[in-house]
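Protein sequence lines correspond, in order, to chains A and B.
Each residue of the first sequence is one higher than the last, beginning at 27 in the working numbering.
Each residue of the second sequence is one higher than the last, beginning at 143 in the working numbering.
Hints were generated in silico from the structure; no laboratory data involved.
It cannot be assumed that every hint is accurate.
[Unchecked claim] Over 10 Å on every C-beta distance to chain A, these chain B residues come out as not near it, computed from the model:
no., residue
1, Val213
2, Arg227
3, Lys258
4, Thr295
5, Phe297
6, Lys300
7, Ala309
[As the list claims (entries may be wrong)] Dumping the calculated EDC-like pairs for lysine to aspartate or glutamate here, alpha-carbon to alpha-carbon at most 20 Å:
no., chain 1, residue 1, chain 2, residue 2
8, B, Lys172, A, Asp49
9, B, Lys300, A, Glu180
10, B, Lys300, A, Asp141
11, A, Lys142, B, Asp313
12, A, Lys246, A, Glu184
13, B, Lys314, A, Asp141
14, B, Lys314, A, Glu104
15, A, Lys294, A, Glu71
16, A, Lys158, A, Glu174
17, B, Lys300, A, Glu174
18, B, Lys300, A, Glu104
[What the hints assert, rightly or not] Label-pair ranges, simulated between beta-carbon atoms:
no., chain 1, residue 1, chain 2, residue 2, range
19, B, Tyr195, A, Asp141, 48 to 54 Å
20, B, Asn262, A, Glu104, 56 to 62 Å
21, B, Asn256, A, Asp141, 51 to 57 Å
22, A, Lys252, B, Pro199, 58 to 64 Å
23, B, Asn247, A, Asp141, 31 to 37 Å
Every residue gets a Cβ at the ideal spot worked out from N, C-alpha and C, and that includes glycine.
If you want the building blocks of each chain, they are given just below.
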Amino acid sequence: MSNKDIKLVQLPSPNFVPERDRDKPLMLEVSHLGIDFGGLTAVNEFNIGISPTEIAGLIGPNGAGKTTVFNLLTKVYEPTRGTILLDGKDTHGMNTIQVNQAGIARTFQNIRLFDKLTVEDNVKIGLHNSIKYHMPTGVFRLPKYWREEKKAHERALELLSIFDMQDMAGYIAGSLPYGAQRRLEIVRALATGPKLLLLDEPAAGMNPSETSELMENIEKIRDEFKIAILLIEHDMNLVMGVCESIAVLNFGEIIAKGTPAEIQNNPKVIEAYLGADEESSN
Amino acid sequence: MLSYFINGISLGSVYAIIALGYTMVYGIAKMLNFAHGDVIMIGGYMAFCSTAYLGWPAIPSVLFAILVCTVLGVIIEKLAYKPLRDASSLAVLITAIGVSYFLQNAALLIWSSNPKAFPNMVKFPNLVIGDIQISSVAIVTIIACIIIMIVLTLFTTKTKMGKAMRAVSEDKGAAQLMGINVNATISMTFAIGSGLAAIAGVLLCSAYPTLMPTTGAMPGIKAFTAAVFGGIGSIPGAMLGGILLGIIEIFAKAYISTQLSDAIVFAVLIIVLIVKPTGLLGKKISEKV
Numbered sequence: 027m028s029n030k031d032i033k034l035v036q037l038p039s040p041n042f043v044p045e046r047d048r049d050k051p052l053m054l055e056v057s058h059l060g061i062d063f064g065g066l067t068a069v070n071e072f073n074i075g076i077s078p079t080e081i082a083g084l085i086g087p088n089g090a091g092k093t094t095v096f097n098l099l100t101k102v103y104e105p106t107r108g109t110i111l112l113d114g115k116d117t118h119g120m121n122t123i124q125v126n127q128a129g130i131a132r133t134f135q136n137i138r139l140f141d142k143l144t145v146e147d148n149v150k151i152g153l154h155n156s157i158k159y160h161m162p163t164g165v166f167r168l169p170k171y172w173r174e175e176k177k178a179h180e181r182a183l184e185l186l187s188i189f190d191m192q193d194m195a196g197y198i199a200g201s202l203p204y205g206a207q208r209r210l211e212i213v214r215a216l217a218t219g220p221k222l223l224l225l226d227e228p229a230a231g232m233n234p235s236e237t238s239e240l241m242e243n244i245e246k247i248r249d250e251f252k253i254a255i256l257l258i259e260h261d262m263n264l265v266m267g268v269c270e271s272i273a274v275l276n277f278g279e280i281i282a283k284g285t286p287a288e289i290q291n292n293p294k295v296i297e298a299y300l301g302a303d304e305e306s307s308n
Numbered sequence: 143m144l145s146y147f148i149n150g151i152s153l154g155s156v157y158a159i160i161a162l163g164y165t166m167v168y169g170i171a172k173m174l175n176f177a178h179g180d181v182i183m184i185g186g187y188m189a190f191c192s193t194a195y196l197g198w199p200a201i202p203s204v205l206f207a208i209l210v211c212t213v214l215g216v217i218i219e220k221l222a223y224k225p226l227r228d229a230s231s232l233a234v235l236i237t238a239i240g241v242s243y244f245l246q247n248a249a250l251l252i253w254s255s256n257p258k259a260f261p262n263m264v265k266f267p268n269l270v271i272g273d274i275q276i277s278s279v280a281i282v283t284i285i286a287c288i289i290i291m292i293v294l295t296l297f298t299t300k301t302k303m304g305k306a307m308r309a310v311s312e313d314k315g316a317a318q319l320m321g322i323n324v325n326a327t328i329s330m331t332f333a334i335g336s337g338l339a340a341i342a343g344v345l346l347c348s349a350y351p352t353l354m355p356t357t358g359a360m361p362g363i364k365a366f367t368a369a370v371f372g373g374i375g376s377i378p379g380a381m382l383g384g385i386l387l388g389i390i391e392i393f394a395k396a397y398i399s400t401q402l403s404d405a406i407v408f409a410v411l412i413i414v415l416i417v418k419p420t421g422l423l424g425k426k427i428s429e430k431v
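From just these sequences and the hints, can you work out the full model?
Take a look at the structure:
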């Protein structure tokens, strides 16, 4: 199904979600989220609702606060105001690790792989909390160690195969081409078993054919893993092509929300991106 | 000649085991734990007390020393270093020196400054090949060092904790966002490093059987030198640096001058660092711009 056919429906709360998720509880419900850095309000009154299988986009001009929103959701920053409900659970008081275990995983705008480790080990670090053995088992390499490591190895290859990267498992992550590093970051994030995947500019630096492949993969990930995805992206082809709903952020506040078509024609959005039209405003 | 060489490797193995503690802590927590040398001394005293006062056999008393030092390492990290996780590295360095003096003076209060004769823990006969005699302590030291090296290498490369350690060493923030408990990983590193220090303490005191509150200071500095020499942050580097340092020291003592041996050791360090500032196996640091 193309995202052009998506219809957003309004819930009893002020959120719009794709029609198919109408009766499911929201995966992410953020209300009145805000953070101040000293006197500077970086994000204010940020509200968003994302349904369990939705692909949502977060766009906005440079410096609008998009990455700050990701940092708030993952508790890199503690929000000054507002609540974040993940699958109905308030993440207030959780730290980054607990939020990750509760089901939010992310990638980074500037790639942050473990460059000196192999591709497979990078994925295994994502699997860390699902590998179950203790230190003595690891030191003495008891049977449980071999069992768990074998499971992790198989799982890592399985995850890498989403992007056809299983042949690169032994490579050093830092030596991969740029596009492959971006894909590996997504695999590593998926390895933590998220319910909500945050992608921070997944197509940055990719060429058009890599981008269109990425678009297919984003949908494939959503369909296979049955997770919600929230992505930040400047590539409008990708955003308009893959996102079912889009929120537009400017100066830390949401100025518009809707389907790709609605956003494209929203005068406020056009103003934020291109500036106000002097002629017509006079 | 050969016996000097073996003594050199043996002394170097002790340095290497100590250097591993420095290098792992530096690699993961990015700090120089100058109290590490004094953990060695505590390890020596623990083994001494359990054998001399309690009459324990060698193996349980070594295990006891390891246990005490491991716990001590974790406590030092929790109390002294963890509150400074975000402070400047200079503040942490000064704190480490403070902890070092604290441990030395605590030992002085408990055991006084009189040297204690360390009991012989290795009760095998010395190995005699032709006219060369190799002390059993040297053999045990070298074997212990090889085992530790293998286990540690396998641990850091093949287990999930080892991978978590390397991930934390590269990027704490990203590791945390992947669900890795950075604090627990750092604690574990201190635990391993301090446990190794205890083993080093027992081996060192077996080879040079006088035990004083300052026993750990000089080997600590030398092992730190070894870690820098081999490339700080690198486990094989610490091993290589330690062993080379031991060999250089013994040969300098034997052929040049006993008094000047330390000066020669440090002169070699300076020359190596001029030629290769990252140490022998140091990681090249090149940032993409």
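- Provide an ascending list of the numbers of those earlier hints which the structure does not satisfy. Violated: hints 5, 6, 7, 8, 18, 23.
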